[in-house]
Amino acid sequence: MQQVIISMQKFLYLAILSVVLHLDGRTQTGAKTDSIQPKITFKGLFQARYIVSLKKNVDVNGLHHIDGEGVFNSFDVRRARAQFTARISDRTEAVLLVNLADFKSDPKNKVLENAYLIYRLNTLLHFKIGQFRPAFGLEDTYSINIIKSFDYSNQYTAFGSNGWQSFQIGIGMFGDLAKDIRLQYEIDVINGNNRNQVTDDDNGKQATFRLQAEPKKNIKFGMNSGYGRHNKENIYAAGFDASAIFPMKNKFSLELETEWKQGNNHILFFNTDSSLRTGGIRQYVMNGFYILPNLRYAIAYRRLSSIELSCRYEYFDKNIKSPSNLRQTITPMIGLEFLHSYNARIQIGMVADIYQKNIEATTQYNNNLFILQIQTQL
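Numbering (the numbering used here), first residue to last: 198 to 575.
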């Protein structure tokens with residue numbers, strides 16, 4: 198496995214080197230170089246919410262309090278993102294994304310989310326390097342400024358903590374393989390120790406691969422695989438996902454998303470004292486599945502463009518072997534969309550967490566959370 202990852206690293210390095218040599222050759226032969234058309238665009242996201250815990254002795258962060266103390270309702274600015282995209286030429290662009298809301302707590306290893314450079318050689322070969330979100334699931338395919346439900350799924354958070362998703366540092370290659378079914382791919386080699394790190398925390402790397410097809414309009418299928426090495430241990434991850442939009446009568450449409458993933462929870466393994474571990478790293482496997490139906494009514498009344506009813510169901514187990522504690526999450530939401538493309542949205546809903554076993558004084562405890570959330574794109 199380690200040899201496979203090293204080979205993928207070398208392949209990406211050689212691919213990028215070939216691009217550099219290609220550009221140099223074009224310049225030396227007097228061929229036409231990329232036309233320079235500098236342009237900077239700005240996008241952003243503001244997301245604020247009011248949350249109330251509806252479960253006795255469980256605070257807004259899901260932590261159970263034996264003494265009954267805790268914060269059970271709170272206003273929160275979840276995201277205040279600013280994204281700058283600089284088009285350096287007709288082939289090259291740089292992307293910078295910061296989340297200013299991270300300054301409300303310790304900003305170490307936070308704030309800066311995206312910082313990468315893209316070079317497009319042709320439709321088949323695109324390259325990127327820097328800090329970005331590797332493509333390892335359905336939620337990675339959406340714009341960073343679009344949050345489909347209350348927030349990202351539990352599996353996204355867990356796989357992100359383990360270095361497969363969210364913001365990672367590395368290099369990648371992506372492009373289109375076939376136009377008739379819109380077959381796309383992405384290969385990434387990343388440090389796997391999350392964002393804004395001075396350097397990697399070991400010599401191991403994580404390699405991810407995603408293949409996505411759209412055989413018909415508004416119907417997509419994706420598969421993901423990942424292999425890596427962390428602290429001299431081999432690790433893996435895999436997943437499948439599908440999404441579709443079904444038009445209905447009278448301005449109704451149904452959007453359906455579903456995703457499954459499984460992989461080593463090596464962060465849990467290495468964070469557990471060696472004397473308390475139950476077996477080797479192969480015994481620490483996380484598994485998750487969710488389905489998100491979203492019924493949309495395009496009302497188009499003045500500034501109100503649509504009304505959405507959604508209810509995401511998810512099960513996630515951070516360790517399907519021993520000790521296991523399955524977590525089920527139900528998130529019903531009502532959304533009012535103003536303008537278009539989620540440029541402004543008000544959501545009201547609830548997050549209900551149900552654990553197989555309640556563990557006192559931890560976040561692994563049944564809880565219900567009421568949410569009023571407002572988000573707007575800038």
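Just so you know, these hints were derived from the structure itself, not from any lab. We put the CB at the ideal spot given by N, CA and C, even for glycine. A portion of the hints provided could be inaccurate.
When the alpha-carbon atoms are kept at most 35 Å apart in a straight line, the in silico DSBU-like pairs for lysine-lysine are as follows [to be verified]:
{"no.": "1", "residue 1": "Lys-448", "residue 2": "Lys-554"}
{"no.": "2", "residue 1": "Lys-240", "residue 2": "Lys-518"}
{"no.": "3", "residue 1": "Lys-518", "residue 2": "Lys-413"}
{"no.": "4", "residue 1": "Lys-518", "residue 2": "Lys-448"}
{"no.": "5", "residue 1": "Lys-240", "residue 2": "Lys-448"}
{"no.": "6", "residue 1": "Lys-518", "residue 2": "Lys-236"}
{"no.": "7", "residue 1": "Lys-554", "residue 2": "Lys-414"}
{"no.": "8", "residue 1": "Lys-253", "residue 2": "Lys-376"}
{"no.": "9", "residue 1": "Lys-448", "residue 2": "Lys-345"}
{"no.": "10", "residue 1": "Lys-448", "residue 2": "Lys-305"}
{"no.": "11", "residue 1": "Lys-417", "residue 2": "Lys-240"}
{"no.": "12", "residue 1": "Lys-252", "residue 2": "Lys-305"}
{"no.": "13", "residue 1": "Lys-448", "residue 2": "Lys-429"}
{"no.": "14", "residue 1": "Lys-376", "residue 2": "Lys-429"}
{"no.": "15", "residue 1": "Lys-554", "residue 2": "Lys-305"}
{"no.": "16", "residue 1": "Lys-417", "residue 2": "Lys-518"}
{"no.": "17", "residue 1": "Lys-413", "residue 2": "Lys-305"}
Okay, the calculated beta carbon distance ranges per label pair [what the hints assert, rightly or not]:
{"no.": "18", "residue 1": "Met-547", "residue 2": "His-262", "range": "39 to 49 Å"}
{"no.": "19", "residue 1": "Glu-266", "residue 2": "Lys-236", "range": "24 to 34 Å"}
{"no.": "20", "residue 1": "Ala-549", "residue 2": "Phe-300", "range": "29 to 39 Å"}
{"no.": "21", "residue 1": "Lys-236", "residue 2": "Asn-522", "range": "22 to 32 Å"}
{"no.": "22", "residue 1": "Tyr-247", "residue 2": "Leu-492", "range": "33 to 43 Å"}
{"no.": "23", "residue 1": "Pro-235", "residue 2": "Glu-266", "range": "16 to 26 Å"}
{"no.": "24", "residue 1": "Met-547", "residue 2": "Ile-517", "range": "42 to 52 Å"}
{"no.": "25", "residue 1": "Ile-504", "residue 2": "Ala-549", "range": "16 to 26 Å"}
{"no.": "26", "residue 1": "Thr-475", "residue 2": "Glu-266", "range": "14 to 24 Å"}
Going down the list of hints, with the structure as the test:
1. Lys-448 <-> Lys-554: violated (43 Å)
2. Lys-240 <-> Lys-518: The hint is violated at about 43 Å.
3. Lys-518 <-> Lys-413: violated (39 Å)
4. Lys-518 <-> Lys-448: Distance of about 46 Å is beyond 35 Å: violated.
5. Lys-240 <-> Lys-448: holds (29 Å)
6. Lys-518 <-> Lys-236: violated (52 Å)
7. Lys-554 <-> Lys-414: Violated, at roughly 43 Å.
8. Lys-253 <-> Lys-376: violated (54 Å)
9. Lys-448 <-> Lys-345: Holds, because 20 Å separates the two Cα atoms, which is no more than 35 Å.
10. Lys-448 <-> Lys-305: Distance ~47 Å between Lys-448 and Lys-305 Cα, so the pair is violated.
11. Lys-417 <-> Lys-240: Holds: Lys-417 and Lys-240 sit about 26 Å apart, inside 35 Å.
12. Lys-252 <-> Lys-305: holds (32 Å)
13. Lys-448 <-> Lys-429: violated (55 Å)
14. Lys-376 <-> Lys-429: Distance of about 41 Å is beyond 35 Å: violated.
15. Lys-554 <-> Lys-305: holds (34 Å)
16. Lys-417 <-> Lys-518: Given pair Lys-417, Lys-518 holds - Cα atoms ~32 Å apart, limit 35 Å.
17. Lys-413 <-> Lys-305: violated (44 Å)
18. Met-547 <-> His-262: 39 to 49 Å: Given range 39 to 49 Å: violated, Cβ gap about 20 Å.
19. Glu-266 <-> Lys-236: 24 to 34 Å: violated (53 Å)
20. Ala-549 <-> Phe-300: 29 to 39 Å: holds (31 Å)
21. Lys-236 <-> Asn-522: 22 to 32 Å: Between Lys-236 and Asn-522, where Cβ atoms are some 50 Å apart, the hint is violated.
22. Tyr-247 <-> Leu-492: 33 to 43 Å: Violated - the Cβ-Cβ distance for Tyr-247 and Leu-492, about 25 Å, lies outside 33 to 43 Å.
23. Pro-235 <-> Glu-266: 16 to 26 Å: Check failed, 56 Å falls outside 16 to 26 Å.
24. Met-547 <-> Ile-517: 42 to 52 Å: At roughly 27 Å between Cβ atoms, Ile-517 and Met-547 fall outside 42 to 52 Å, so the hint is violated.
25. Ile-504 <-> Ala-549: 16 to 26 Å: Given range 16 to 26 Å: holds, Cβ gap about 22 Å.
26. Thr-475 <-> Glu-266: 14 to 24 Å: Hint violated: Cβ distance 33 Å, outside 14 to 24 Å.
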